[in-house]
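Work the whole structure out from these sequences, hints included.
Number of protein chains: 2
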Amino acid sequence: MEQSRKEPVYPPPQAIHHELRNAENSAGHVMAKLHSMREINPHLAILDVGAGSGTISVTLAKAITDGHVTAIDLNPEILPRARAIAEISGINNIEFQQGDAYKLPFADETFDITYCHQMLTHLKAPQDALREMLRVTKPRGIVAAREGDLETECVWPELPGVLKFHKFAADMMSAAGGTPIGGRQLLPWALKAGVKRDQITVSYGTWSFSTPREKETWAQAMAERVRGGRLREGGLKSGLTTENDLEEMATDWEKWAQRDDASLAMMQGEVLIQK
Amino acid sequence: MEQSRKEPVYPPPQAIHHELRNAENSAGHVMAKLHSMREINPHLAILDVGAGSGTISVTLAKAITDGHVTAIDLNPEILPRARAIAEISGINNIEFQQGDAYKLPFADETFDITYCHQMLTHLKAPQDALREMLRVTKPRGIVAAREGDLETECVWPELPGVLKFHKFAADMMSAAGGTPIGGRQLLPWALKAGVKRDQITVSYGTWSFSTPREKETWAQAMAERVRGGRLREGGLKSGLTTENDLEEMATDWEKWAQRDDASLAMMQGEVLIQK
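For the protein sequence lines, the chains are V and H, in the order given. Every letter in the first sequence is one number past the one before it in full-length UniProt numbering, and letter 130, counting from 1, is 130. Every letter in the second sequence is one number past the one before it in full-length UniProt numbering, and letter 113, counting from 1, is 113.
Keep in mind that the hints were calculated from the coordinates and are not lab data. There could be a bad hint or two in this list.
Remember, identical chains collapse to one label, so a pair may be satisfied in a single copy or spanning two.
[As the list claims (entries may be wrong)] Quick list of in silico lysine-lysine cross-link-like pairs, DSBU-like style, CA-CA up to 30 Å:
{"#": "1", "residue 1": "K196", "residue 2": "K255"}
{"#": "2", "residue 1": "K124", "residue 2": "K255"}
{"#": "3", "residue 1": "K215", "residue 2": "K275"}
{"#": "4", "residue 1": "K275", "residue 2": "K103"}
Put into structure tokens, the structure is as follows:
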């Protein structure tokens, strides 16, 4: 990805693989509904909760040129990176701000579409965040979520360091209060947030890598995460991994990317809630 | 599903869930290519290998009204059922015959598209079947496969009998010489069959159930499989399960289908090989 000349624009290691996301590959279940809503009202207001570097938010903003996207993240350090990506993309109908999914800094019934990806699965009480997302959504608006289900990860070849990484990543998610089986729980979380079953459409999508370029990008990102950054620090501090294991993981991700027969896929749970 | 008045038309328990398949939900990765090939040649010849009850074959035949589908299965007992389904569907441009994927009863370069679903994963030497599929395919034709990857199955709620079923089904696949991680191995199998990497497009799809009707159909099929039919017989004979366990599986599938918060998904590996 190209980078702006303004600083700070370099993504932290934990953000690189998230920046592969866009509306097409990570919000596909929302787009048909978005397009039909845009026909009726071109001035849609969209909220992206836990937007990270904002690569999905920016592509959502491209899809509603007469509308507006608000993208929030709990971590204020990612905001300059997100703003740089929007600027590089030439997108103006977007704003980024710090915000907590449990206490969204918006009035009731503000947005037409409230969206999140790979956010609820990190929370101790995902149903509370969904309730907040519903609160800030207009009547007849939609709340949409897409969350990876790490336990469905399917990788070939099954190199030892790659399998070790998978277990380590799942353990870290659980240790931080999230869950590696989030994708399959979007429906129960929505029901716990007070939504009726007939308001909810469930689907499943995938997230996969098989071309040399996709594999290299993914493997480099994973290697960087275990050689530096939050995942490494947290893993060593908590005793969930060792320096030797981390190096084995990085090396095997690099070997994996070089293999002609390698691919990786993970399932993503999806819900579309009609308010 | 409606049934013809001719006998034998009732599916055996192991076929019921396979009859949920059609070209849309099980050959999506092939359809764009099929449509572009049909533009050039409306008289396409398609081979469906391991077609079972032929529900995918029939929908492929619908997509090429001026073409012809040949559907084969190793088990001759399923052929009357497949013919009945084609007849009910009003499809004439199709024929069903007995045939072995390892020794396809066709001359070299006979078909424009050679397809299989949930077939290679049951074989001891899937690369040999792929080599046969390539043999009977015309130059510039395509070989397409889609295979479930059972280990990616993602189910909620995680009822004990349902988890037990998952392990039992995987053990039975392995015991019969197949693999529960077939979906992720389509690429290595194609390479072993002698295909070059740049002739192969890899993708992943899903197979999921979340509406009351989908869940009931799936759960009933699974309950029937463990209360009667080949899976039950084989499981008891091999000692991989017990009567008590089988009854727990059936009961928990039925409970699962009744739950508002229940859903199930499994990833499917996909390859499209350009000959």
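Quick rundown of the hints versus the structure:
{"no.": "1", "hint": "K196 <-> K255", "in the structure": "between (47 Å within a copy, 20 Å between copies)"}
{"no.": "2", "hint": "K124 <-> K255", "in the structure": "between (35 Å within a copy, 27 Å between copies)"}
{"no.": "3", "hint": "K215 <-> K275", "in the structure": "between (39 Å within a copy, 24 Å between copies)"}
{"no.": "4", "hint": "K275 <-> K103", "in the structure": "within (19 Å within a copy, 56 Å between copies)"}
Checked against the numbered hints given earlier, this structure breaks none of them.
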